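Please model the entire structure based on the sequences and the hints provided.
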Amino acid sequence: FLGHPEVYIVIMPALGISSEVISVNSRKPIFGYHAMVYSLIGITVLSFIVWGHHMFVTGMNPLLGGVFMITTLIIAVPSAVKTFNYLATLWRGNIRFTPAMLFAIGLVSFFISGGLTGLFLGNASLDINLHDTYFVVAHFHLVMGSAAIFGMLAGVYHWFPRMFGRMMNAKLGYLHFWLTFIAAYLVFFPLHFLGLDGVPRRYYAFTEFEFMKKWLTVNVFVTWAAIMAALAQVAFLWNFFYSIYKGKVAPQNPWESNTLEWTAPVEHIHGNWPGEIPTVYRWPYDYSKPGHDEDFIPQTVPFSQTMRSNLPHDFEGNTEAEKIQQDWETANPVTENKG
Numbered sequence: 002f003l004g005h006p007e008v009y010i011v012i013m014p015a016l017g018i019s020s021e022v023i024s025v026n027s028r029k030p031i032f033g034y035h036a037m038v039y040s041l042i043g044i045t046v047l048s049f050i051v052w053g054h055h056m057f058v059t060g061m062n063p064l065l066g067g068v069f070m071i072t073t074l075i076i077a078v079p080s081a082v083k084t085f086n087y088l089a090t091l092w093r094g095n096i097r098f099t100p101a102m103l104f105a106i107g108l109v110s111f112f113i114s115g116g117l118t119g120l121f122l123g124n125a126s127l128d129i130n131l132h133d134t135y136f137v138v139a140h141f142h143l144v145m146g147s148a149a150i151f152g153m154l155a156g157v158y159h160w161f162p163r164m165f166g167r168m169m170n171a172k173l174g175y176l177h178f179w180l181t182f183i184a185a186y187l188v189f190f191p192l193h194f195l196g197l198d199g200v201p202r203r204y205y206a207f208t209e210f211e212f213m214k215k216w217l218t219v220n221v222f223v224t225w226a227a228i229m230a231a232l233a234q235v236a237f238l239w240n241f242f243y244s245i246y247k248g249k250v251a252p253q254n255p256w257e258s259n260t261l262e263w264t265a266p267v268e269h270i271h272g273n274w275p276g277e278i279p280t281v282y283r284w285p286y287d288y289s290k291p292g293h294d295e296d297f298i299p300q301t302v303p304f305s306q307t308m309r310s311n312l313p314h315d316f317e318g319n320t321e322a323e324k325i326q327q328d329w330e331t332a333n334p335v336t337e338n339k340g
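Once you know that position 50 of the sequence shown is 51 in our numbering, the rest is easy, because the numbers rise by one and skip nothing.
Cβ-Cβ distance ranges computed for the label pairs, FRET-style:
#, residue 1, residue 2, range
1, L117, V267, 40 to 46 Å
2, N273, F242, 20 to 26 Å
3, F194, A89, 28 to 34 Å
4, I270, A227, 40 to 46 Å
5, F190, E295, 39 to 45 Å
6, V221, L88, 35 to 41 Å
7, A231, T84, 27 to 33 Å
Since the hints were made in silico from the structure, they are not lab data.
Computed from a prediction, not measured in an experiment: that's the story for all the values here.
Cβ atoms here follow ideal geometry from the backbone N, Cα and C, with glycine treated the same way.
Set out below in structure tokens:
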């Protein structure tokens with residue numbers, strides 16, 4: 002009951018980070034904002050009632066196993082909502098393939114591939130054969146291990162200029178992504194086939210049973226892929242620490258993001274902002290709005306300065322902004338072109 006939410010909590014921050022990174026680098030509002038929030042709540046609540054899927058083979062009452070099978074498969078619904086919304090945000094977006102964006106897309110890839118294998122393990126009849134095999138190792142390390150790590154790395158690359166006032170090297174970032182992305186799949190994808198053949202996990206030697214010996218070559222291949230993944234992190238560590246001291250000085254808002262932290266000066270000062278604390282007027286996803294000269298509008302820009310790009314839903318719950326817009330429309334009536 003407690004341990005399983007501790008597992009799911011690993012992926013939650015990574016999902017939030019990826020939502021921000023994908024929206025910023027797609028130059029579009031996050032698709033289905035409310036659905037994204039509700040799906041996070043749904044995953045959180047359901048994480049408390051799915052732990053029984055680890056106990057299908059312990060002799061539990063079959064009826065109780067059916068209950069846990071249903072709750073386990075239901076958690077695929079909010080997970081699918083997040084996945085589809087990520088893809089819809091990317092669809093027809095003006096995508097900027099920064100290192101942060103690549104790692105966020107990598108999270109989506111692992112979340113899909115690892116999540117699909119979870120449907121097999123959530124089925125009690127299939128789990129009887131797959132339980133405690135390398136299939137479980139492959140599933141978990143894709144959907145929770147690799148996806149969570151890629152989300153965290155996306156956050157590091159995205160907010161590094163804000164944290165240290167310098168830019169990370171983009172070329173090293175691309176190298177780091179591709180080596181890590183390829184190596185992660187080379188490590189964990191072959192393990193599915195070991196699990197389907199019944200190879201159990203937690204055995205230190207593949208020579209204990211005759212049927213496992215044929216997978217020795219695959220195990221060696223996976224080991225070399227894991228070494229490749231580890232070496233890829235050397236590029237990241239060098240890039241991270243070198244950029245802290247020697248990286249290019251970052252502009253105030255290198256990603257042209259709308260959120261409040263990018264309005265603070267690059268130099269770290271007490272209170273973050275000189276003088277008065279800025280006022281937030283709008284939500285953080287005003288990207289590519291028709292009628293505005295630039296494709297982003299920071300949260301600190303009042304509606305009175307963006308009259309031509311304001312939309313009706315911008316004023317929900319903001320009567321002052323709605324009155325400003327109505328006054329402007331009265332003073333600037335739209336004339337119909339009959340030519």
